[in-house]
Each structure stands twice: as C-alpha cells, then as structure tokens.
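Asker: One letter stands for each residue in the lines below.
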Amino acid sequence: MTTVDGRHELDREAERLAYKPPEIRHDKQGDMGSDERINKAMHNFVKNFNTQTASYLDGCLHCGMCADACHFHVRTDDPRYTPIWKIELFKRTYKRQVGPFAFFYRLLGLKRQVTIEDLEEWQHLLYDSCTVCGRCSLVCPMGIDIAGLVSMARHGMFKAGLVPHELHEVAKKAAETGSPLGITPDKFEDRADWMADEHDVEIPMDVDEADVLAVMSSIEIQKYPQSIAATAKILNAAGESWTFRTDGFEATNFGMLSGNPEWQKAASLKLIDAAVKIGAKTLVLPECGHAYMALRWMGANMYGKPLPFKVMHISEYLADALNTGKIKVKKVDKSITYHDPCQVSRRGGATQAARDVLNHLTGDFREMPLGGDYNWCCGGGGGVVTIKRADPLRHRVFKLKMDQVEQTEADELVSSCANCRQSFDDSQQHFGWDYTMGSLMEMVAENLEEDGS
Amino acid sequence: MKRTPTVGEVLRAKGVSRRGFLKYCATTASILALPPSMIPRIAEAIENARRPSVIWLSFQECTGCTESLTRSASPTVEGLIFDTISLDYHHTLQAAAGDQAEAARHAAMVENDGGYLVLVDGSIPTGNPGFSTIAGISNVDMLKETVAGAAAVVAIGSCAAFGGIPGANPNPTGAVSVMDLVTDKPVINVPGCPPIPTVMTAVLAHFLTFGAIPDLDKHGRPMTFFGTTIHDRCYRRPFYEQGKFANTFDDEGAKAGWCLYKLGCKGPTTYNACATAKWNSGTSFPIEAGHPCLGCSEPNFWDAGGFYEPLSTGNFDSGEKLAGAAVAGVALGAVAAAAGRRRQAKFTKEG
Amino acid sequence: MDLLEFAKGPALQVAAYILVAGSIWRLIGILLLKEKPDYSEPRQSAGLLAALKVIYTRSFTAAPFKAATLYPKMLAYVMHIGLFATVFLFVPHIMFFEGFLGIEWPGLPNNIIYLLGVAAVVASFALLVRRLTSPVLKLISNFDDYFSWFVTVLPLITGLMIPVRMGLRYETILAIHILSVALLMIWLPFGKLGHTFLVFVTRGTTGMVFERRGAKT
Amino acid sequence: MTTEQESLAPPSPFHGNVRPILNEVMHAIDRLLETDEPTTIDLAGLPFGPGELEHLEAALGTGELSAKLDALGTSRIRETAYPGVWWLEHRNAFDEVVGRYLEITRTPEILSSQDADIIAGRARLEDQFE
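Residue numbers (our numbering), protein chains in the order written: chain A, 1 to 453; chain B, 1001 to 1351; chain C, 2001 to 2217; chain D, 3001 to 3130.
Treat the hints loosely; a few may be bogus.
With a straight-line Cα cutoff of 27 Å, these simulated DSS-like cross-link-like pairs (lysine-lysine) come out [claimed, not checked]:
no., chain 1, residue 1, chain 2, residue 2
1, D, Lys3068, B, Lys1144
2, A, Lys111, B, Lys1349
3, C, Lys2036, A, Lys270
4, C, Lys2034, A, Lys47
5, A, Lys310, C, Lys2216
6, B, Lys1278, A, Lys111
7, A, Lys111, A, Lys95
8, C, Lys2138, A, Lys95
9, A, Lys399, C, Lys2216
10, B, Lys1278, A, Lys95
11, A, Lys399, C, Lys2066
12, A, Lys47, C, Lys2138
13, A, Lys328, A, Lys281
14, D, Lys3068, B, Lys1218
15, B, Lys1349, C, Lys2034
Simulated from the structure, these hints should not be mistaken for lab results.
Could you put together the complete structure from these sequences and hints?
Answerer: In structure tokens, the structure reads:
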C-alpha cells in the first residue's frame, strides 16, 4: 500500500510522542495513477452517503457561519478553513452521484468532477486543519454535523492514498503491531510490571474473568506510564474485579483518525473481543478523547450489535465511583481548571463527569470562559498532532487555548485526554508557556484516601 | 354642402348667456377631467367648433347603454352636447323608421363623408349573419358600410368594445367587438356595462373641442377616464391598507363600510371613473352602495373568475392534480434513491 | 388569455405541481437512502421529542457564537420574518390560500406588511453584499446561492411594487408578481431553498443523534 | 343607511379626504396672498366617501357673501367662513349638481359681468329707446 517503510523511528526527545520528521515526505501512498485515486476517493466517499449524511449535504445554506466557530479560521482568516468548505469535494461527489437530482447533475455537468489537484489540496483541509472537534456543528443553523462529515470524507482520502505521511505511518503501524507506537503486548506487560514495582501497586494482567476491563492508550504507556499505575490504584481502591489484557489494551484508534474503516473496525473488535472473553460488565476507557468516540459511540456499530458490556470513559468511571462513595479523595488546596476533550464532552456527552470529579477534588474549580461544550480544542485532535507540517498552524491555533486557560488564573490545569495532553506539552515547549497540563485521573490517584473505601 | 353652425352660434341662438357658456365650459373641463386653468382654451375651442354628424348603430345589445346616456333628462349640460351634435341616426331615439331611417343614415354618410362619427353599441355576430339584422342588413355589413366614410368609431359599452355578454363563453353567435372588425379607422372604446354617461358625452366633447380623439390605453379606452383603477380612487382604500375587510355582506365590517376586497371586489384591476364620476347624477357608485366592483369595463369580465371570488384567488384546479404531483414526487424520489443505492452498491464492489 | 390570467392560471398551477412533486422527490430521495442502525447504548432516550427540541433550539444562536454571527443572523431574522409575514399574513395572500385550503387566518394591516417587506428586501441586499464581500462567502458560494437569492427577492420586490406601481398597470405588475412567485415555487425544491423543508430533517437528525449521546445539541 | 354610516364616521372634521383638501386650500390662500394667483379645485375629480363632502362643506362654513346665478340652471356662489375661499356649485335645469368647485380668489370670475353679455345688454337697452 505504501512506498515508504521502515524509515520511521520514535522521536523520544519531542514533548509529544511521534515519529521524527520524515526527511522526504510521502503524502501519497501506493502507486496508483491519478484517475485511480480519483475513482477510489469518489467510490469511498459514496459509500458513506445515507439518509443522515444526505440530508446534511443537501441542507447546507452556504451561510458561512461555521467559519466563525472554527479555530483554524478564527486564527488565520483563511477562508479555505471554513468547515463546510473542507467537505466540498465530499459534497460535490454526493450531488453528482447519489443525491436526489444526481442524474441531472451528471447529465448537465452541474458539479465539476473532482480532480487530483483538488484531492491534493483537500488533504491539507481534511487532515492538517481539522481536528474533528465539532464546534462548527454547534453553530450551524441547519444543525449539520460537519465534523462527522469530515471523518467520513477521510475514508475516501485514505483509499485514494492521500493521507498525510505521518498520520498514515502511525495508522499503519497501529494496524500492523496493534499500537501506533509499536507497543507490543510484551512491552505493555513490561511497562506495567515496571509501574507496579515503581508505585507499589498491584496490576492484574490477563485475568481470565473480571467485571472490569481496563485499557490504555499507547501515548500513556510510552510517555505517561504513571497513568497505568494510577488506573490500577483507582480500580483497586474501588474494589473492582478488574484486569488489563495483553490481547486488548490499545484504546487509540488511528484507523478512525486516518480514515480506514477496516483498521478502525479491527482495532475496536480487539477490545470488544477481549471484554467479551473475560465476561466484563464494564470496559473503562483511558484518558483519551477519540477512543471514547471510537468505542463508546461507534464500537457497537463495528460489532454489528449492541455490546454486552458498558463502555465508560475514565472520567465517567471516576465521577460514578466518587458520587457513590466507592472511592474517596482528599481535597487539594488549589484552584483547578479543566480542558474538555472534544470527543468526550462536546461530542461524547460526558461533560458533567469531569466536573463532578473536580468538585470532589477542590473547592475552587474554575470553568474556563467557553468551558464545557463550547470549549476550544487543543488543536491536536483528529490526528493533527502527528502531522509535522501542520505544526505552525497548530501552534497558531493554540493561542486561543492559552488565552482561555490564562483567564481562569487557576493553579492547576488538567484534562482527561492523553492526546490533548501531548498537544499541550508540545505547545507549552514551543511557547515557553507556564501551564503544564496534568491528568485528572492521576490527580485523583494521588489524592485517594486509602482507608476511605 | 351646407355650412353647419358653430357651437357658440347654437348656444347663443338658444339664449344662453356668456356666463352660462362659461359655466358650460367649466363643466366640460370637469367632464374631461381637465384642470380648470384650461377653461379659457376650451371656451375658445367650443365657441368655434362645428356640430359633427353622429350615426349610432345598435347591434347585439340590451339598450342599457342608450338608457344610461339618456338617463339625464334634457336640457342638461350634457344634453347640450347632443344639441351641439347632429345625431342623424339612432334607431331607438329617432322618429323615422324603416326605409326613411336608412335613408337618413345614407344621407348623413354622404353629406359628411370622412367627417362623421359612428357610435356603436352591442357586439357583432360573425357565426351567422342572420343572427342579427337591421332592415335586412346584417350587422357586419352595416358596420362596414357605415364605418367606411367615418372619421372615427366609438364603441359604446362592453359589448361593442370587447364582446360583452354575447361574446362570453360559450359565445353562441360568434360575437366580436368593433375593434375586431374595424382596423382601418380609429376606434375609441368606452366600455362599461353600461358606461358612465358623462364619459360617453366627454368623448364626444373631446372630439368636439379638440377635433381629435383622446389619448387611449392599450384597450383603446380614453386615458382620462380609464387611466386609474377604481381601487386607486376608492374612498374605501384606506381600509384596504389598514387590513379592515368586510367578510360577508352583513357583518360589522360591511356595515362599517370597510373594504370589499374579500367579497370579490375587482376594483384593483378595473380601470374606470366610477369612484369619482359616480352614478345617478353623482349619487354614488357600486362600492359606495356596498357591492364589490364587478370589473365591467374590463375585457372578458364575464369569464374572468367569479364575481365574489377575491382577486388574489388562484385559478386552481381541484386538489386531485396536486395529489397526482405528490405521487409523482414519491415515485421520482424512490427512483432517485434506488439509483443512488445502486451506485453505492456498484462502487462498494469496485472498492 | 392575458398575462394575469396566464399567471394566475397555468403558470401558478404548473409551479404548484413542480413545487409539490420536486419537494417530495427530494425528500423521498434522501429518506429512502440506506439507513444504518445505531447499536450504541444510548445515554438517554431521544426520539421525536429530541428532534423537535433541536428544530426549535437551532432557531436561536448559542450564546458563545452570538457576537461573531450577530450581523448575518440579524439580517437573516429580518429577512425570514419579513418573508413569512408578507407571504402568510398579507390579507390578499390569505385570500389566495383560502381559495384552495378553505381556511383563513387573521392578517396584518398592509402598512405593516409593506414595512416588513421593505425590511426584508433591505436585509436581503445586505446579505448579498456580505456574500459578495466576505472572503468566506465568496469562496463557498455558487450559482445556487445567487440564483436562490434572486428568486427569493424578486417576488418581494415585485410584490412591493404593486402598491407603488412605478408606472406599470396594476394587473401587469400583479401578473409579474405572480410569475415571480411561480419561479420561486419552481426553483424552491431543487436548490438550497429546499432548506424550507430540509431544515426539519437536518436539525431533527442531529437532535436525535446527539441527544441520544447526551451531547450538546 | 346614511344615519348608520354617519354615526360610524369619526367626529373630526379632518375625516378622510377632508384633511388634505383643507391643507391644499391653505396653501392656495398663501399663493393668493403672495403672488395674487387664484386656484380652482374641482371637487368632482376627488374620491369622496359617504358624508365626506358634507364634512368638507361644514368644515369650511359660511361667510358673508353668497350669490345665486341663473344660467342653464342655477348656480350658487358662496364665500366660506374663510375669506377668499369660495364654494361654487353648478346645477343643471333639472336641479342636479353638475359641478362643484372651490375657488381661492378675491372674486370668482363667474360673478363678473362678461363683455359679450354687456354688449348684448347694451343693445337691448338701446332697443328700449326705439
């Protein structure tokens, strides 16, 4: 599928975990001719058109208000970053191929065929400059979920071999090794053992039957391994029958982010199968935004039937455990503000959970201006953080986030998404910023009242 | 050819004073809707105008137009105009009958060749010439013969102007209007069912005063009287703008004299002078009497929708065809969706 | 047959057929596409009520976006309210609807209608200026946007010309007005003006999908 | 019918068309004073609702002078309560109103004896001596 291989090594120095910048970019994968790429893109755009997407694509008024909601447009004033423009090719294909008047569009040539130049240009618009944060979906007077359409448009781009170099490599590695960072089951077990020793915590691994299956993201395993210990501490304190599984531990889903439905499905099924195997009642997702979207809201649809277990984000689990008294925390004497991961709060509906947790942790929780559902994205979601060439744009966008955080004047900044966290870390380094992003879960783990249960 | 006396001479012979003449001119200006500043010019023109010869032909008509014209008993100021014209043939009004009458017509035609006026009321049947004849002459033939030497033709009433009732659907006699048949002479239409008497006399007064036909609109009607709509000059217009309408003929709105639009008033599309000239010696006009305007001075008013249907009502068929359109929409939508799905299936297979 | 009769009769009739058939065509064409079931466990039940909720709530701008979208939103409100009032609350129009619906409803005084109509025209022109000058709108606009603007504004202008007349005869300008409405009716189902009915589908869909997740709608 | 309608008419003299006409009269008086230019308003050309003409007549009132003219029917020429504003009403021999005018002038032209009539009168007078 790809012409680049084996030239990627982890960049262990960077504040975000990623591969080193490619010496030669290969933003086209495979050796397809232009016509074939166009056909692939079009065919795989077309697969996504159903009643919901069709009504969205037919309903746009071209009012342009989505531009005012998009951080990329707000910060650059570049009209190409108008969200609905990002799906222009997708929309055009719909009108030509499947829409109610497609016959006339084709007959009269009303919508220009998509060209290879278009597709190449749109790679930048669909990947580098969209974090699928969904802010635009909230401003749209027609109620069109533009972010959802971007995700679908990526399917066509992937099949046409037009994914940005790094994102494609990461996704490919995830498909091949089960982890975008190449973390093998053995390596995961090693790091879990290390953390068990380091933090003196019992970490059940590969238990045959358990009520709760806990999973992690590679970003945490590699960069924030203390998360493994924190997860264990909390689940142990709550008295859960739980386990990690080496046959299903990776929560990230780069198949989804890069636009390959098959890889997306494979990644989700791995977790689902593991949970089913141990008879789990609950699968607790780690601090990862897109993992929540992938499994909580799309997992069952990959599975083809309802899941036989509950899927919870760790913040939801924590809120539930604290609210029911399963675990208890000491109050920290600090003011805290919270960065909402888009896929968990705005698009996932779990906005309140983190606030419940924070209110247990501090008497001085400070909501950011526009906090909660209208939160500005970290700028790194949707796979953008992996794309090196997008760094200048991403940093530019991060300014909005910095203003938002600074206005709270809070002592601590936490979030519940490792992807946001590495995006913050990277931007912090870039700007020499004061705030360091912390983890909500780790903060809970650090302040557990041991005998409180 | 004997010299016809001027109007001034006629009036003086009748013992009308200069004051009376000025009063007459003022009234004429009023009839012609000319500004009072025109009175001196009118006076001068009328003073020296000569009596034109007029031949009146009646075809498929009800004599309502003649009734309207003669409603004001002589001597009136309007009546004076008829004193100043030479009505040489009018088979309702003239004393002569039969051959004598026809002889009078021919005499007038010969004597005033190229200078006389022909007034026509009633429409002309073309289906069968036998449908309407006078003295054994079909209407078409008599019209053509009489008009040949005329200066102008005045079609009095909606039948002569546009076909009227005889010409209404299904038009059994094949009735047509004067202007359908007369194409080589100026035709002035004075429609109305009947036309306003002063308007009829005003057309004659204009011809008399200025020796020319007045400015006409696209339907051949004098702009002076048919230049604005009933609605434009209706005293109930403010109620229209305020949205105050009579909904039935006996509701409070009707009693309060509100706008009759909802009861089918055709005032907005009807060009006539009723709202200002009024009827029955200036007493009132239909809307003032509480009835919507029927639009009688407009072409084909009999066939232009119901009298009591509001103007803005569309001429829709029943809902059945709309339902048919809906069914067609469902079918087209289903076909389009099926085509879309087929394309999706094909593309999915092709990958 | 004169122009007015043509406008009131065949023109309006054909336009009505196209309006009905085209709208249903488009709706059915969308609704009969494949529909994928959602097996995810809902956070809360969200059926028709959720759809209705969002159909209503999206009529208003969420507070965080108010400042940025104030100008176009105000114009859009004025335009839509003006359009609604002129179409449905002008007494002669109500008569028109009553003619085939058999029901009537109270209208507004004409002077208020004229005022709202003029406001709608002014707002429409301001929106056009915006479309022609804003870099975003210049980029994303196409023929549909401009033509739809034209066919929407045309009946407003021709309608407002009726009381003013502008030297044209009443029945001529009325006929032109009705023909411009016919043009609007013919175009409505096919271009972006389809949002007249699609707005219920798009907002409703989003309402059901996102309320189900308990997410922000 | 009439009583009912009158009772519904507002009591203000500025009813319907009355107001703009009175306004025009006022401007005409100004013109007369400033440039000596007389004005004639033909009331027949104006749309009046029931009772409006009577309102106008009442609003203008009656002044010091009124005259009756007998020529082709009677005419009444009356100064209104506003000097310089004259109410003229022409009737035909059938006593039907054939014209109504408001003249804003010092003396309506029709009141002056006309040369033609003076000459004719003098001729008649001369005949008396024969």
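Asker: Against each hint, give a clear statement of whether it holds in the structure.
Answerer: Cross-check of the supplied hints:
no.	hint	result
1	D/Lys3068 - B/Lys1144	violated (51 Å)
2	A/Lys111 - B/Lys1349	holds (24 Å)
3	C/Lys2036 - A/Lys270	holds (22 Å)
4	C/Lys2034 - A/Lys47	holds (10 Å)
5	A/Lys310 - C/Lys2216	holds (21 Å)
6	B/Lys1278 - A/Lys111	violated (63 Å)
7	A/Lys111 - A/Lys95	holds (7 Å)
8	C/Lys2138 - A/Lys95	holds (20 Å)
9	A/Lys399 - C/Lys2216	holds (24 Å)
10	B/Lys1278 - A/Lys95	violated (63 Å)
11	A/Lys399 - C/Lys2066	holds (21 Å)
12	A/Lys47 - C/Lys2138	violated (30 Å)
13	A/Lys328 - A/Lys281	holds (23 Å)
14	D/Lys3068 - B/Lys1218	violated (44 Å)
15	B/Lys1349 - C/Lys2034	holds (16 Å)
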